[in-house]
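Q: Listed here are the chains, written in short residue letters.
There are 2 protein chains.
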Amino acid sequence: MFSAQTYIERRSALKRSVGSGVILIMGNEEAPMNYHDNTYRYRQDSNFLYFFGISHAGISAVIDIDSGEEIIFGHEFSMDDIIWVGPQPTLAEQARRVGVYRTEEPNKLPERLKKASKVHFTPPYRFDNMIMMSEWLNIPTSQLKEKASVELIKAIVALRSIKSDEEIVQMEHAVNITREMHIEAMQKTKAGKKEYEIVAAIHAKALEGGGNLAYGTIFSINGQTLHNHYHGNTLTDGRLVINDSGAENAMFYAGDITRTIPVSKGFTEKQKEIYNLVLKMETESIVALRPGIQYREIHLLANKIMLEGMRDLGFLNGNVDEMLAEGVQGLFMPHGLGHAIGLDVHDMEDLGEKYVGYREGLERSTQLGLKSLRMAKELEAGFVLTVEPGIYFIPELIDKWKSENKFINFINYSKLDTYRDFGGVRIEDNCLITPTGSKTLGNPIPKTVEEVEALRG
Amino acid sequence: MFSAQTYIERRSALKRSVGSGVILIMGNEEAPMNYHDNTYRYRQDSNFLYFFGISHAGISAVIDIDSGEEIIFGHEFSMDDIIWVGPQPTLAEQARRVGVYRTEEPNKLPERLKKASKVHFTPPYRFDNMIMMSEWLNIPTSQLKEKASVELIKAIVALRSIKSDEEIVQMEHAVNITREMHIEAMQKTKAGKKEYEIVAAIHAKALEGGGNLAYGTIFSINGQTLHNHYHGNTLTDGRLVINDSGAENAMFYAGDITRTIPVSKGFTEKQKEIYNLVLKMETESIVALRPGIQYREIHLLANKIMLEGMRDLGFLNGNVDEMLAEGVQGLFMPHGLGHAIGLDVHDMEDLGEKYVGYREGLERSTQLGLKSLRMAKELEAGFVLTVEPGIYFIPELIDKWKSENKFINFINYSKLDTYRDFGGVRIEDNCLITPTGSKTLGNPIPKTVEEVEALRG
Numbered sequence: 001m002f003s004a005q006t007y008i009e010r011r012s013a014l015k016r017s018v019g020s021g022v023i024l025i026m027g028n029e030e031a032p033m034n035y036h037d038n039t040y041r042y043r044q045d046s047n048f049l050y051f052f053g054i055s056h057a058g059i060s061a062v063i064d065i066d067s068g069e070e071i072i073f074g075h076e077f078s079m080d081d082i083i084w085v086g087p088q089p090t091l092a093e094q095a096r097r098v099g100v101y102r103t104e105e106p107n108k109l110p111e112r113l114k115k116a117s118k119v120h121f122t123p124p125y126r127f128d129n130m131i132m133m134s135e136w137l138n139i140p141t142s143q144l145k146e147k148a149s150v151e152l153i154k155a156i157v158a159l160r161s162i163k164s165d166e167e168i169v170q171m172e173h174a175v176n177i178t179r180e181m182h183i184e185a186m187q188k189t190k191a192g193k194k195e196y197e198i199v200a201a202i203h204a205k206a207l208e209g210g211g212n213l214a215y216g217t218i219f220s221i222n223g224q225t226l227h228n229h230y231h232g233n234t235l236t237d238g239r240l241v242i243n244d245s246g247a248e249n250a251m252f253y254a255g256d257i258t259r260t261i262p263v264s265k266g267f268t269e270k271q272k273e274i275y276n277l278v279l280k281m282e283t284e285s286i287v288a289l290r291p292g293i294q295y296r297e298i299h300l301l302a303n304k305i306m307l308e309g310m311r312d313l314g315f316l317n318g319n320v321d322e323m324l325a326e327g328v329q330g331l332f333m334p335h336g337l338g339h340a341i342g343l344d345v346h347d348m349e350d351l352g353e354k355y356v357g358y359r360e361g362l363e364r365s366t367q368l369g370l371k372s373l374r375m376a377k378e379l380e381a382g383f384v385l386t387v388e389p390g391i392y393f394i395p396e397l398i399d400k401w402k403s404e405n406k407f408i409n410f411i412n413y414s415k416l417d418t419y420r421d422f423g424g425v426r427i428e429d430n431c432l433i434t435p436t437g438s439k440t441l442g443n444p445i446p447k448t449v450e451e452v453e454a455l456r457g
Numbered sequence: 001m002f003s004a005q006t007y008i009e010r011r012s013a014l015k016r017s018v019g020s021g022v023i024l025i026m027g028n029e030e031a032p033m034n035y036h037d038n039t040y041r042y043r044q045d046s047n048f049l050y051f052f053g054i055s056h057a058g059i060s061a062v063i064d065i066d067s068g069e070e071i072i073f074g075h076e077f078s079m080d081d082i083i084w085v086g087p088q089p090t091l092a093e094q095a096r097r098v099g100v101y102r103t104e105e106p107n108k109l110p111e112r113l114k115k116a117s118k119v120h121f122t123p124p125y126r127f128d129n130m131i132m133m134s135e136w137l138n139i140p141t142s143q144l145k146e147k148a149s150v151e152l153i154k155a156i157v158a159l160r161s162i163k164s165d166e167e168i169v170q171m172e173h174a175v176n177i178t179r180e181m182h183i184e185a186m187q188k189t190k191a192g193k194k195e196y197e198i199v200a201a202i203h204a205k206a207l208e209g210g211g212n213l214a215y216g217t218i219f220s221i222n223g224q225t226l227h228n229h230y231h232g233n234t235l236t237d238g239r240l241v242i243n244d245s246g247a248e249n250a251m252f253y254a255g256d257i258t259r260t261i262p263v264s265k266g267f268t269e270k271q272k273e274i275y276n277l278v279l280k281m282e283t284e285s286i287v288a289l290r291p292g293i294q295y296r297e298i299h300l301l302a303n304k305i306m307l308e309g310m311r312d313l314g315f316l317n318g319n320v321d322e323m324l325a326e327g328v329q330g331l332f333m334p335h336g337l338g339h340a341i342g343l344d345v346h347d348m349e350d351l352g353e354k355y356v357g358y359r360e361g362l363e364r365s366t367q368l369g370l371k372s373l374r375m376a377k378e379l380e381a382g383f384v385l386t387v388e389p390g391i392y393f394i395p396e397l398i399d400k401w402k403s404e405n406k407f408i409n410f411i412n413y414s415k416l417d418t419y420r421d422f423g424g425v426r427i428e429d430n431c432l433i434t435p436t437g438s439k440t441l442g443n444p445i446p447k448t449v450e451e452v453e454a455l456r457g
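Chains as they are written, first to last, in our numbering: chain G, 1 to 457; chain V, 1 to 457.
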């Protein structure tokens, strides 16, 4: 937990920005898995963590801007709680540690909200919170998202987008735990093993780091499937395996790193060609990061480098700028170049990407690839984002485009057919925007062909 | 997945038992963690798995008893699904594998329910399902549990309580993966390590078994806290550590095993006394298992053995039957002896323990310990349940009772005071009730003092 002063200052800034009314920050409850009491690991809401710091189920908070009151609502602990979950500081004590001096029983919250002339809330994403908020605020569950407070959303996005120095320390820590996960995977990947054996070793490193996983690990020899959470394949010589995994540290900051590993000891020449092209896309994108540039421009830069490289390798023919304008790149990289990262791996995604990654006058494209770009707007010093280009050979997508004769003048489908079993390559780092450029967070993680192969002993 | 025939027979038995109307079996959706799309690992609903076998988000099923129709409602996969989550059998194909020959889009489900004269449903525990069901069935979310179908609940409990031979094969498999987790923990526990390092190694074994954890691991030097999910303590010489952890295998059957390990290489004499008493409670309880006996009686048998043992060790004075009647045992074992286990670690807890572990005429006690007993009724061949006695020294509870002079004639509080830092001991196995007695599932897991110490090399 940060000092009380940090949380007090964040809430003061929030109050100044929103101006008036009552702000409701819902905490998360335990989340049921296969029955009410068999719960997933607890994860507090990130807005609650940012403003109130307490990771504990069943509490919510109100900031009354007009009266200046800040109240945390939750039960105090009973003897049954002590028997089942152990002794712990009282809720009042935990509240004091974040500079809040008033706690009340949860049943006092609805009446507090009913008295308010205006309640500001963020779009709920937990369904139990939706049910409660619907009742308290007399809004149908289906309308809660659209009735969320735009002032509150914008104020939170403005605060959480710019990471403070003490947040960067936490994010470097998360990346360094993540680094251990990736080095472990590079060392343990071996033909004949099952993917889940490596997934287990990766998870062990996250737990050993004192936190947990920031998101479900992607570790697959079918890297061409972008969000592949199946881990039952056997690692086979000659395949590439994509490892997209990250730790959440004990302060709940996320790392999100991808590396691509040859199952055999080294890359084949064919694999090196694609790998080095993705590496070039990544490193040149990082070099281009600086305040003021649109991240959309960097996405397109990465796409352009890819199209040039794929043309040089014989997959494409023609003018690269024309291909870029028409969207040929979607075949190879049907996802965005990156996203904001912080307390959430897709930072503030609950608040809406139109506020986090876009702005008025900058709308989302519908083109394959660009339509999945979560961060497009002008970068500012203090932003932290992922840079994660990739090249994939997706047989189903190739077949579809080929059957439609799509971009037949640009695409060499007969060459593509010889890459149907290639899989994919993705390389990803987490970068802080600095006043003059960027800084890649954490200690360096093996990334060049030589560095990766050196760990494949 | 079992054969289509297995699922067809289960559904036929269900239809015969419920008799008439439409049965709605809700599948589980993805569960959001810190925003909508960052989800916990997917877990299908166990009733859905039992009758329809498909582990896939976003599908639900209807059994129309009167017309005989069985329909699975869900989206067919799109090209976007293939890009992001990979190619897979169509929903229609997956349905055929469990003997269902009709699939429809999800938006057809509400009208299907509206046409039905009677819709049978189980008590929902996922809040997104509650919101949908509330709308479809026009029942306030707060009333859904009480309006669940008692006929359906009773029919499901009757079926799922009696494990078939092919289910027992799966449950032995889950226990054998769990056995690996426990042996790993016994071998890796060492003074100076952090609890989470061992927790990580335990989880790795669960993943290597091809499934995952059946529930959040309890691994703590503060075993006196019954559901302690904190893993940040350093293992210190002289402490006992309770390891309550279990695997869910690839078919979603759970194992639930507890062992208690000395952090030092061997148990102290003081620890051996308590450990061997808990071991006696466990083994004698298992010997007493047989069809027809109430599990409540076995819980009380374990309590009686404990009281006799604790009297012999000088913690108690007086008549054991009197102590048992008055509830002295709650101080040392404030939980129940065990619970049903199967597809859920607390099997069918969503359906209500009054149907699973109790029956008409057998109501739950309010006494500390007995009030937490989830299984009390007469055992039947085919039941699988946990046997998990424990003895704990809970300083806060001792202090409370002492300050109230509670059972001052029975309890030697001055001796108890010398055990304030003892922690706790629990030993747990999973047992199938056979026609003549019981069978402990899986290969034997080290349990005696000598067996545990042999792994502490």
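In short, the hints are calculated from the structure, not lab data. Hints are not guaranteed to be accurate.
Pairs count within a copy or across copies, as identical chains cannot be separated in the list.
[To be verified] Only pairs whose alpha carbons sit at most 35 Å apart, straight line, appear in this in silico DSBU-like list of lysine-lysine:
id, residue 1, residue 2
1, 145, 193
2, 108, 400
3, 147, 447
4, 108, 371
5, 194, 265
6, 354, 272
For clarity, every value in this text was computed on a predicted model and none was experimentally measured.
Q: Each hint: holds or not?
A: Hints and how they fare:
Taking CA atoms no more than 35 Å apart as the test, residue 145 paired with residue 193 passes in neither setting, with 45 Å inside one copy and 46 Å between copies. Taking the shortest Cα distances, residue 108 and residue 400 sit within 35 Å of each other only across copies (29 Å), while inside one copy they are farther apart (58 Å). For the homomeric pair residue 147 and residue 447, neither the shortest alpha-carbon distance inside one copy (45 Å) nor that between copies (58 Å) is at most 35 Å. In this assembly of identical chains, residue 108 and residue 371 lie within 35 Å of each other by CA distance solely across copies; the values are 30 Å between and 44 Å within a copy.
Taking identical chains as interchangeable, the C-alpha atoms of residue 194 and residue 265 lie at most 35 Å apart whether they share a chain (17 Å) or sit on different chains (34 Å). Proximity of residue 354 to residue 272 under the C-alpha cut-off of 35 Å is found in neither arrangement, the shortest distances being 37 Å within a copy and 63 Å between copies.
Violated hints for the displayed structure, listed by number in ascending order: 1, 3, 6.
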